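Quick mapping for you: the protein sequence lines, in order, are chains A and B.
The letter at position 71 of the first sequence is residue 71 when you use the working numbering, and the numbering goes up by one with no holes.
In short: position in the second sequence from 1, add 1000, done, that's the working numbering.
Keep in mind that the hints were calculated from the coordinates and are not lab data.
Treat the numbers as computed from the prediction; the structure is a model and nothing was measured.
Just so you know, even glycine gets a beta-carbon here, dropped at the ideal spot from N, CA and C.
There could be a bad hint or two in this list.
Unchecked claim - What follows is a set of in silico ranges between Cβ atoms, one per label pair, in the way DEER data are often shown: (1) B/D1599 / A/T85: 18 to 26 angstroms; (2) B/M1619 / A/T85: 47 to 55 angstroms; (3) B/R1590 / A/T59: 27 to 35 angstroms; (4) A/T23 / B/G1622: 29 to 37 angstroms; (5) B/D1599 / A/L81: 28 to 36 angstroms; (6) B/A1603 / A/L81: 20 to 28 angstroms; (7) B/T1587 / A/L7: 43 to 51 angstroms; (8) A/L67 / B/G1573: 19 to 27 angstroms.
As the list claims (entries may be wrong) - Just a sample of chain B residues kept apart from chain A, beta carbon distances all over 12 angstroms, derived: (9) I1043; (10) G1199; (11) F1292; (12) N1362; (13) F1444; (14) H1450; (15) G1480; (16) I1503; (17) L1606; (18) W1620.
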Amino acid sequence: MTLPLTLSVAAILFALGVFGALTRRNAIGVLMSIELMANAVNINLVAFAHYTNGVAGQTFALFAMALTVVEVAVALAIVVLLYRTRRDIQIDLASEMQR
Amino acid sequence: MNAVQLALVAVLLPVAVALFLLVAAPVRRAGWPAAALSLAGAIGSLIASVWLLWRQTVLPEQALLEEVRWLPEAGSSAATIGVLVDGVSASMLVVVALVATCVQVFSVGYMAHEPKRDFGRYFTWHSLFLFSMQGLVLAPNLLQLFVCWELVGLCSYLLIGFYWQKGSAGKAAVKAFWVTKLADTGLLLGLIVQYAATGSFGWGPETVSTLQAAGAALPAVGLLYFLAVMGKSAQFPLHVWLPDAMEGPTPVSALLHAATMVAAGVYLIVRAYPIFAASEAVMTAFGVVGGFTAVFAACVAVVQTDIKKVLAYSTCSQLGYMVAALGTGSFMAGYLHLTTHAFFKALLFLAAGSAIHAVHSNELKDMGGLARRMPVTGAAFVIGCLALAGVPLLSGFYSKDMVLESLLHAAQEHPVFWFPLVTCTVSAGITAYYMGKAAVLAFFGRASSHAEHAHESGPSMALPLIVLALPAVGAGWMTGVMANLWGVPDVHFAVVHFTPIGIVATTLALGGLAVAWIKHAQGGLGGLDAAFAPLGALARSGIVDRAWDTAWRRGVLVASAGLAWFDRYVVDGLMNFTGVGFLEAGTVVRRMQTGRASDYLWAISLGILLLAVYSQARMWVG
């Protein structure tokens, strides 16, 4: 596999993630899209590491996965709280930041 | 003690008393202790002043100047504050302290029925006034003089408005304050012009020559100072506050509005004489304004029915004499008249106060026949009246004669001085008539119902009358001594001497007194009433007051309304427009903040996209 091909896959994955994050109304959907973007970044890291024969990129990818897990845990907690207070997880309904 | 220490005692003793009474409210409200303290301060000031005058008379020292820096400036100071002791200030110190002491002693009796706290307040203001006036007299430069000038104005306001519960007294106080304040603007502006031109607040020869070199600055400064003098010394048309100032207690009128404070304007001319004398225009203005005021006020005094108003207009008239005399360049004549006038006018006011105290009315028609019931008061009033009329051998005769003589000399050189010469000579007759009329109506003839049970005032009121009567009679005999003291050379003085103009004035004065006696004591000369009718109508119409009122309504109010419009719609308008503009813009921009996370995400994404496009475009272009 050539580097440009790998990077293209990552770019498409990232674009899909952005599209999902912007268009989904469901909080879980938005969360999943963000995961897609994170994984596109991970692919980039691994691809560049392979291309340059280094290990730093792969190590960063591992760290990034661990951080993503933590992030998902926090995000899911927020979603649960949102559901408890509103009986709904449509994110458009949450506009408290306006005030 | 040396001369400077004596001067400091004379000026600082009253202020110590005044400050103590201002702070120590219980002592002030107790009344009698406050009066005792104030009197002690005044007597101390009098003793120091007399001692100082004695030193200056027997030891003909040069002027002594003691100054400390004030308003520090880089390296030096912009102004100094201190005392200037010479013959001129020493004699004025004694005049002020003597009249103030007499008035305070008189007030103890006159004000005895006031509530205690008002009694204490009265004496507190008196102490403050004495300090301010002594500070003004001793001022070594015009800036200190200006500060004290405003302080005496403040005391005048406070004392005119002493019976503030009476609406008219409050109004009179405010009127006096504003009219003099309007005039004082001249002094302030003059000081600014003078300092800008010379860098000095003094009146020394180098200051005057610098001013002279500056061209128009000299007459401008002189005329601006003269505006302040017209306000303070009640010259036409700024005299309107003085008759109203009679709302104050009578002793206050005697001290402030007859003897000392109103003379402060004339004293300013005397003190800063080099500045005025260097400009012909200013001296001519003195002659014309002083001459007109002398005859105008004398005519108005003729038709007054209130004894205090008669004396008030008489004061205006006599101040006109002083100003006119100073316009001729005769420093001696103007200053001598100031000195003698202070004594006999204070005496007249105190005697009038004693009569008012007995009959509880200011109106001449409520008096009558008081001389028999109040011999001391009657004698004092008659002495003051004769001195003011200029009867030979009394003090007023010498000073008035000197004023007229100086005017005659000036008229021979400058034709314009014929005007003050004629008006002042004629006024001598009018003065004698209205004073004779007041004396006859109040103290002779048949007693009115008010006056039937009048009796002589107590010793605290009678004693000051006797003390003041002495200089009112004899001050003129000291003319030679005073000329030496003030450093005026070539004054030929003899107790009995008659100049041609003096004979004319004396004849007119005696004629005026005779007419007053015939008309008001004998009931003759009924035709005079018809002659005075238009004058009375003129005086009652208050034409000068109305002119000021119109000027205020048409000028000040309209200009103020214009300025208010400009302020409201242009200055405020700009501010409000800016404020409202930002508020509206904020309301528009605020809508962008929806508070929904996904909207912000859109914005972030678009932003990143734009940044990416921009950087790529630069790469391609570059």
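Going through the hints against the structure:
At about 21 angstroms, the CB distance of B/D1599 to A/T85 agrees with the hint of 18 to 26 angstroms. Checked against the given bound of 47 to 55 angstroms, the beta carbons of B/M1619 and A/T85, roughly 48 angstroms apart, stay inside it. In this structure the hint that B/R1590 and A/T59 lie 27 to 35 angstroms apart at CB is violated, the actual value being about 46 angstroms. Checking the proposed 29 to 37 angstroms range against A/T23 and B/G1622 shows it holds: the Cβ atoms sit about 35 angstroms from each other.
Between B/D1599 and A/L81 the Cβ separation comes to about 21 angstroms, which falls outside the hinted range of 28 to 36 angstroms. Separated by about 25 angstroms at the C-beta atoms, B/A1603 and A/L81 satisfy the suggested range of 20 to 28 angstroms. Restraint check, B/T1587 to A/L7: a C-beta distance of roughly 46 angstroms satisfies the suggested window 43 to 51 angstroms. In this structure, A/L67 and B/G1573 break the distance hint of 19 to 27 angstroms, their C-beta atoms being roughly 58 angstroms apart.
Under the 12 angstroms C-beta cut-off, the non-interface status given to B/I1043 relative to chain A holds; the minimum distance is some 78 angstroms. Distance check for B/G1199 against chain A: the nearest CB is about 65 angstroms away, which clears 12 angstroms, and the non-interface claim stands. At roughly 78 angstroms from the closest C-beta of chain A, the C-beta of B/F1292 stays outside 12 angstroms, upholding its exclusion from the interface. For B/N1362, the shortest C-beta to C-beta distance to chain A comes to about 75 angstroms, beyond the 12 angstroms cut-off, and the non-interface label holds.
Every Cβ of chain A is farther than 12 angstroms from the Cβ of B/F1444; the closest lies at roughly 93 angstroms, confirming the non-interface assignment. For B/H1450, the non-interface assignment is confirmed: its Cβ lies about 82 angstroms from the closest Cβ of chain A, beyond the 12 angstroms cut-off. A cut-off of 12 angstroms between C-beta atoms confirms that B/G1480 is not in contact with chain A; the least separation is 95 angstroms. With a least beta-carbon separation of about 100 angstroms from chain A, B/I1503 lies farther than 12 angstroms from that chain, consistent with its non-interface assignment.
Not every CB of chain A lies more than 12 angstroms from the CB of B/L1606, the least distance being 10 angstroms, so the non-interface label is violated. Consistency note on B/W1620: stated as away from chain A, and its beta-carbon is indeed over 12 angstroms from all of that chain's, at 19 angstroms minimum.
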